[in-house]
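Trainee: As given, the protein sequences belong to chains A and B, one line each in that order. Remember, the working numbering sits 1 above the position in the first sequence when you count from 1. Remember, the working numbering sits 1 above the position in the second sequence when you count from 1.
Accuracy of the hints is not assured; some may be wrong.
Note that the list lumps identical chains together, so a pair holds whenever it fits in one copy or between two copies.
What the hints assert, rightly or not - In silico EDC-like links for lysine to aspartate or glutamate, alpha-carbon gap of 20 Å or less:
| id | residue 1 | residue 2 |
| --- | --- | --- |
| 1 | LYS304 | ASP291 |
| 2 | LYS55 | GLU27 |
| 3 | LYS75 | ASP85 |
| 4 | LYS26 | ASP60 |
| 5 | LYS75 | GLU176 |
| 6 | LYS304 | GLU286 |
| 7 | LYS150 | ASP78 |
Hints listed in this document are in silico derivations from the structure and should not be mistaken for laboratory results. All values derive from a computational prediction rather than experimental measurement.
2 protein chains.
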Amino acid sequence: MQTLTVDLGDRSYPIYIGPGLLRNKELYSPHVKGRQVLIVTNETVAPIYLDDVKSALTDYQVDTVILPDGEKYKDLDTLNMIFDELLDRRHNRTTTLVALGGGVIGDMTGFAAATYQRGVNFIQVPTTLLSQVDSSVGGKTAVNHPLGKNMIGAFHQPQAVIADTDTLETLPLREMAAGMAEVIKYGLISDSEFYLWLQDNVAGLMSGDDESLAEAIYRSCENKADVVAQDEREGGIRATLNLGHTFGHAIEAHQGYGKWLHGEAVGAGMMMAADLSKRLGYLTEKDEHDLLRLLQAAHLPVKGPKDMSCDDYISRMAVDKKVLDGALRLVLLKGIGQAYITSDVPRDLLEETLMAYGAAR
Amino acid sequence: MQTLTVDLGDRSYPIYIGPGLLRNKELYSPHVKGRQVLIVTNETVAPIYLDDVKSALTDYQVDTVILPDGEKYKDLDTLNMIFDELLDRRHNRTTTLVALGGGVIGDMTGFAAATYQRGVNFIQVPTTLLSQVDSSVGGKTAVNHPLGKNMIGAFHQPQAVIADTDTLETLPLREMAAGMAEVIKYGLISDSEFYLWLQDNVAGLMSGDDESLAEAIYRSCENKADVVAQDEREGGIRATLNLGHTFGHAIEAHQGYGKWLHGEAVGAGMMMAADLSKRLGYLTEKDEHDLLRLLQAAHLPVKGPKDMSCDDYISRMAVDKKVLDGALRLVLLKGIGQAYITSDVPRDLLEETLMAYGAAR
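Starting from the given sequences, assemble the full structure and let the hints guide the process.
Mentor: Here you go:
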C-alpha cells in the first residue's frame with residue numbers, strides 16, 4: 002500500500018492506494034469520528050462491493066443508500082434521497098458519509114456531506130480509475146442542473162480516500178481508457194518524467210498490472226495535489242487541470258452528454274491542445290506524434306466526432322464555464338510538463354487545429 | 002448611519018445600520034465585484050422595496066427572482082427557482098446575489114450563493130428586526146427538509162449587510178416582538194449593560210424610534226459577532242446563542258411550525274431558561290421578575306402553550322438538533338449577561354420549571 006498526504010493545512014487527508022484496501026477496517030476507523038456511517042453507492046457497484054465495505058464498518062450504525070447509476074441522476078432530486086435517509090435514520094452532526102463508486106457518487110456524496118447540517122465528514126472509496134486519479138483530490142463536489150453540469154456544489158475535503166486497485170479489475174475497458182486520459186493529462190501539464198514513464202508502461206496499465214496502476218494513481222494524485230495545494234479555490238494555476246477540457250466539453254455538449262465519455266472527449270481535446278501548442282511553436286512534431294501514440298495505446302480517441310464543424314466547436318467553447326467575462330481562455334503547453342493559460346489564441350491557428358483533429362469543413 | 006465590522010479575517014464584512022440605506026448606491030458598489038446582480042425577494046417584500054433596491058443597482062445587469070412568502074417554501078424546490086434564474090440569465094462566477102427580505106429569504110439566498118458554481122458573493126438586505134439582528138451575523142445559510150428545519154445548508158459569509166431601519170415601519174407588531182426576543186437574548190447571554198439599556202428603552206423600540214432601533218441592532222450584531230468570531234463553525238461558545246431555543250423548538254415542533262413565531266417561542270423559552278437558572282441558584286427572584294416585565298413590554302409570550310405537558314416538552318427537547326450523542330444540553334444563565342452550557346440538569350427542577358412556565362400537568 003502507498004499513502005499520499007494531500008497537504009491542505011487543517012484539511013489535510015491521506016490517500017491510501019493499493020490492492021484489497023476497501024475491506025480493510027483499519028483504514029476507515031481513524032476517520033470515523035462518531036458512531037454513525039452512511040454508505041452511498043449505486044445499483045451497479047452495490048452488488049460487487051457493498052458487503053465488503055460493510056464488513057469493514059461493523060463497529061458503527063451503518064445505513065445505506067443505493068442510487069440509480071448514471072450522470073443523468075446527478076441532480077438535486079437524487080441528492081435528496083441521501084438527505085432522506087440521513088434524516089430518517091436520525092444521523093447527527095458526527096456522522097460520516099462513505100462514497101462508494103465512481104465520480105458521480107463521489108461528487109454527490111461529497112456535496113451531501115458538505116451541506117447536511119452545514120457540513121459533516123466523508124470518506125471517498127472511488128471504484129473507477131477516473132475517480133481515483135481525479136475526483137479524489139481537489140474537494141470539488143456538485144450536482145448538475147438541467148442548464149449546466151456541476152452548477153450547484155461546494156468545496157469540501159474528504160477525511161480520507163481509499164483507492165483500491167482491485168476495483169479496476171471489474172471496470173469496462175472504455176472507462177479504463179477514460180481514466181487514462183486524466184492520468185496522461187498530469188504528465189502533460191506538470192510532470193515530464195511521469196509522462197515518459199507512462200509511454201513505457203501504458204501496456205501494463207491497460208492490462209491491469211497492480212503495481213503499475215498504484216504507481217500511476219499515486220503520481221497522478223500527487224501532481225493534482227500539488228496544484229490544488231497552491232490554489233484550493235481555483236483562482237489561478239488550478240485552471241491548468243483543464244487541459245483539453247474546453248475542447249472536450251464542446252464535444253460532450255454537441256454530442257449530448259453521455260455519448261462520449263468525459264475522458265474520451267478530453268483525450269481528443271488534449272490532442273487538439275497539443276496541436277495548437279505546436280502551431281504556436283511550443284511543441285515539436287515528435288511531441289505531437291508521441292502523444293498520438295500514447296493516446297492510441299490507451300484506447301482513446303485522438304480526433305473529435307466526424308459531424309462537428311469549426312463553428313460547432315467555437316460556439317460551444319465560448320459558453321464553457323471557464324470563460325471569464327467573454328474571453329475564451331485555453332490551457333495550452335509550452336512543452337511537455339509545462340501547461341500555461343492564455344486568452345490570446347489566433348483564430349486562424351485554432352481553426353487549423355480544429356480542421357486537423359476535430360472538425361469537418 | 003452606524004457601521005459595524007464583523008471580524009472574520011479574510012471573510013470580514015461590514016454591517017451598515019440606519020434609516021434610508023437600502024436605496025443608497027454607494028453601500029452596494031464596493032461589494033459587487035462583477036457586472037451581474039440577482040435580487041432574490043418574496044411576494045410580500047417586492048411591492049414595497051424592490052424598486053428602491055433596483056434603483057441603487059443601475060450600473061449592473063440586474064435580474065430578479067420573487068419567491069412565494071413563508072417558511073413552508075424554504076425548501077430545495079424553491080431554492081431551485083434561484084438556480085433556474087441564475088442559469089437562464091447566464092450569471093457567471095462573479096455574480097452577486099442580493100437577499101431582500103426576512104430570515105427565510107436571507108437563509109435561502111445565502112445557501113444559493115454558497116452553492117452556485119461552488120460559491121459566489123452575496124449581500125444581505127434584511128427587512129425584519131429578526132433578520133437584522135440574527136441572520137445577518139453568523140454566516141449560517143440553509144433550507145428545510147420535511148424531516149427537520151435547516152438540515153441542508155452551509156456556512157457562507159456575506160460581503161455586506163445593509164440593515165435599513167425604515168423597513169421596520171412596515172413590519173407587523175408580532176414580527177417586531179419576535180425580533181425583540183433575540184435582541185433581549187443578547188443582553189441575557191453576554192451583555193448586562195445592554196440588558197439594562199433595553200429595560201429603559203423597550204417602549205421607544207416598540208414604537209419604532211429610529212435611533213433606539215439602530216442602537217439595539219448595533220449592540221445585538223456586535224454581541225453576536227463577538228461570539229461568532231470566537232467560534233465560526235459552532236464547536237463551543239456559539240451554542241450559547243441558543244438560549245431559550247431548545248424549549249422554543251419544543252414549542253414550535255409541538256404546535257406545528259408556523260403557529261407560534263420562532264421569536265415568540267424563544268421568548269417563552271428564555272423565561273423557562275431563566276426560571277431553571279433561578280432554581281439552580283444562579284438568578285434572583287428579581288432577575289426573573291425583570292425579565293418577565295421586559296418580555297411583556299416587548300409583546301412577547303412568557304409562558305408556553307396551554308396544551309403542552311412536561312412529557313411533550315421533554316420528548317421534543319430530546320430530539321433537538323443540539324443534542325449530542327443522546328445527552329440533553331441546555332443553555333442557562335449564571336447571572337444576567339453570563340450564559341453557560343450544561344448537560345447536567347436535574348430532572349425534577351426541569352419539571353418544576355415546565356410546570357411554572359410551560360406545561361399543563
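Trainee: Work down the list of hints and note, for each, if the structure agrees.
Mentor: For each hint, the structure was consulted:
{"no.": "1", "hint": "LYS304 x ASP291", "in the structure": "within (15 Å within a copy, 79 Å between copies)"}
{"no.": "2", "hint": "LYS55 x GLU27", "in the structure": "within (13 Å within a copy, 57 Å between copies)"}
{"no.": "3", "hint": "LYS75 x ASP85", "in the structure": "both (16 Å within a copy, 16 Å between copies)"}
{"no.": "4", "hint": "LYS26 x ASP60", "in the structure": "within (9 Å within a copy, 58 Å between copies)"}
{"no.": "5", "hint": "LYS75 x GLU176", "in the structure": "within (18 Å within a copy, 40 Å between copies)"}
{"no.": "6", "hint": "LYS304 x GLU286", "in the structure": "within (17 Å within a copy, 83 Å between copies)"}
{"no.": "7", "hint": "LYS150 x ASP78", "in the structure": "both (15 Å within a copy, 18 Å between copies)"}
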